[in-house]
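Asker: Read off the chains here:
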Amino acid sequence: MPLPATQPNVRVVTLKIDDLDLSAREDETLIEVCRENKIPIPSLCHLDGLSVWGGCRLCVVELEGQNRLLAACSTRVAEGMRVHTNTERLQRYRRTLIELLFAERNHICSVCVSNGHCELQWLAQKCGVDHVRVPYRQQPYPVDSSHEMFRLDHNRCVLCTRCVRVCDEIEGAHTWDVMGRGSDCRVITDLARPWGESDTCTSCGKCVQVCPTGALVKQGTSVGEMVKDQHFLPILARRRHAR
Amino acid sequence: MSTDHMSTPTKIRVATTWLDGCSGCHMSFLDMDERLIALAERIEIVYSPLVDTKELPEQVDVGILEGSISSEDDLEKAKTFRKRCKLLVSLGDCAVNGNVPSMRNHFKLADVMDRAYRENVTLQPQIPTREVPALLGTVKPIHGVVPVDIFVPGCPPRADAIWHVLSELIEGRIPDPSQVTRFGA
Ligand code: SF4
Ligand code: SF4
Ligand code: SF4
Ligand code: FES
Numbered sequence: 001m002p003l004p005a006t007q008p009n010v011r012v013v014t015l016k017i018d019d020l021d022l023s024a025r026e027d028e029t030l031i032e033v034c035r036e037n038k039i040p041i042p043s044l045c046h047l048d049g050l051s052v053w054g055g056c057r058l059c060v061v062e063l064e065g066q067n068r069l070l071a072a073c074s075t076r077v078a079e080g081m082r083v084h085t086n087t088e089r090l091q092r093y094r095r096t097l098i099e100l101l102f103a104e105r106n107h108i109c110s111v112c113v114s115n116g117h118c119e120l121q122w123l124a125q126k127c128g129v130d131h132v133r134v135p136y137r138q139q140p141y142p143v144d145s146s147h148e149m150f151r152l153d154h155n156r157c158v159l160c161t162r163c164v165r166v167c168d169e170i171e172g173a174h175t176w177d178v179m180g181r182g183s184d185c186r187v188i189t190d191l192a193r194p195w196g197e198s199d200t201c202t203s204c205g206k207c208v209q210v211c212p213t214g215a216l217v218k219q220g221t222s223v224g225e226m227v228k229d230q231h232f233l234p235i236l237a238r239r240r241h242a243r
Numbered sequence: 001m002s003t004d005h006m007s008t009p010t011k012i013r014v015a016t017t018w019l020d021g022c023s024g025c026h027m028s029f030l031d032m033d034e035r036l037i038a039l040a041e042r043i044e045i046v047y048s049p050l051v052d053t054k055e056l057p058e059q060v061d062v063g064i065l066e067g068s069i070s071s072e073d074d075l076e077k078a079k080t081f082r083k084r085c086k087l088l089v090s091l092g093d094c095a096v097n098g099n100v101p102s103m104r105n106h107f108k109l110a111d112v113m114d115r116a117y118r119e120n121v122t123l124q125p126q127i128p129t130r131e132v133p134a135l136l137g138t139v140k141p142i143h144g145v146v147p148v149d150i151f152v153p154g155c156p157p158r159a160d161a162i163w164h165v166l167s168e169l170i171e172g173r174i175p176d177p178s179q180v181t182r183f184g185a
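Those sequence lines, one after another, are chains D and W.
Just so you know, we're using full-length UniProt numbering here: the first sequence kicks off at 1 and counts up by one.
Just so you know, we're using full-length UniProt numbering here: the second sequence kicks off at 1 and counts up by one.
Excised from the complex, chain D in its bound form (with noise of 0.2 angstroms):
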């Protein structure tokens, strides 16, 4: 879903979110509200400038008077909610959500080329996950290093879908899709052929940029080496959506 552009009428509303009592303007989302005000809610497949996936859940808050969890980055405020961004349930399920992704596929830090500049490695410090409680799956995923600028490791890929938006929608290329369900779900290049054989991509990098781990990196960069660059994603995104 693209993000609509501002109508030059949209009403204000009103809402308390832990105890502040905020206005906004009523096309906007819970976590759109929560940055501008500084109120921090973890999130990994929510990046400024793409469509919402609302896939990760780490931005569940809690809406008064009702049981179910929403999703920050994919709920539109409403005149007189009362959201809590920051309970105790909320920790515990946000700490198990990291933990699950961690022993899915494979994060050894330590080797990584995104150590020290990885959006999930941040998370789980944040969130206070010291260790992972459940068992390690110990899988084996692929890496395609087929392609000669950039490298996709399925080891350390969260499935956050932010490739397959910013190719989609800021690129315009439509490389990437997602295959296959549960465990065995990938991000994949074109028909699941090698990323290197691709007729599509313009090799822009843009996805590289976005991804929150080192799942998608430049070649040749070693252990902490990959640091990521997102500053050109609201620009594009304000350009493409004012035409």
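Just so you know, these hints were derived from the structure itself, not from any lab.
Heads up, the beta-carbon is just placed ideally off N, CA and C, and yes, glycines get one too.
Certain hints may be false.
[Unchecked claim] A few chain W residues that face chain D, going by a derived Cβ cut-off under 8 angstroms, partial list only:
| no. | residue |
| --- | --- |
| 1 | Ser23 |
| 2 | Thr80 |
| 3 | Asp93 |
| 4 | Val96 |
| 5 | Asn97 |
| 6 | Gly98 |
| 7 | Val100 |
| 8 | Thr138 |
| 9 | Pro141 |
| 10 | Gly144 |
| 11 | Phe151 |
| 12 | Pro153 |
| 13 | Pro177 |
| 14 | Arg182 |
Given the coordinates of chain D, work out where chain W with the ligands should sit on it, guided by the hints.
Answerer: The following block gives chain W with the ligands in isolation, referenced to the frame of chain D:
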């Protein structure tokens, strides 16, 4: 663990050892430099590769383990530490999450052995069986085999992080290592 014991002026009895690790976490421990002197006033190291004692005492306040569980010997040591230590600390990524030693888990143990002792050896290739502990099929973090109380991730955790954790323990508090270290730090 009784915290009142810790607040008495008697020294906290600490034991450390390394399992499948590179000893880097112990080196980081030594990196506390002059703070080690202050530490020596509050703790007594009763067993460690850093001291001479050969036997782990029956009763220890804090046990610190570096390295993962990769062999039968690692497993035995972890069990003994758990039994004799009131509080068990996993120090460093190998202990906390398996880290580099666990990268062999994607291969069959027999293939790993072949690779190390046959394929890459030119002179009398043979698999060692005497005087070395048998390797386990799967490398695990310490808490994969015994309960652990405190986890200090990092490869290695910086000396400041170890200092923080020990200082908190000396004061009778349970530290929150995420404040000062992380996976891969
Ligand atoms: S992708 Fe991030 S969390 Fe995974 S191993 Fe690399 S640095 Fe660690
Ligand atoms: S490099 Fe650009 S075109 Fe190629 S897959 Fe990545 S985003 Fe798409
Ligand atoms: S490759 Fe990176 S951006 Fe793409 S889904 Fe995996 S983690 Fe997300
Ligand atoms: S950031 Fe909201 S679900 Fe991923």
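Asker: State for each hint whether it applies.
Answerer: Do the hints match the structure? See the list:
no. : hint   : verdict
1   : Ser23  : violated, 15 angstroms
2   : Thr80  : violated, 21 angstroms
3   : Asp93  : holds, 6 angstroms
4   : Val96  : holds, 5 angstroms
5   : Asn97  : holds, 6 angstroms
6   : Gly98  : holds, 7 angstroms
7   : Val100 : holds, 6 angstroms
8   : Thr138 : holds, 7 angstroms
9   : Pro141 : holds, 7 angstroms
10  : Gly144 : holds, 7 angstroms
11  : Phe151 : holds, 4 angstroms
12  : Pro153 : holds, 6 angstroms
13  : Pro177 : holds, 5 angstroms
14  : Arg182 : holds, 4 angstroms
Hint check: violations occur at hints 1, 2; the rest are consistent with the structure.
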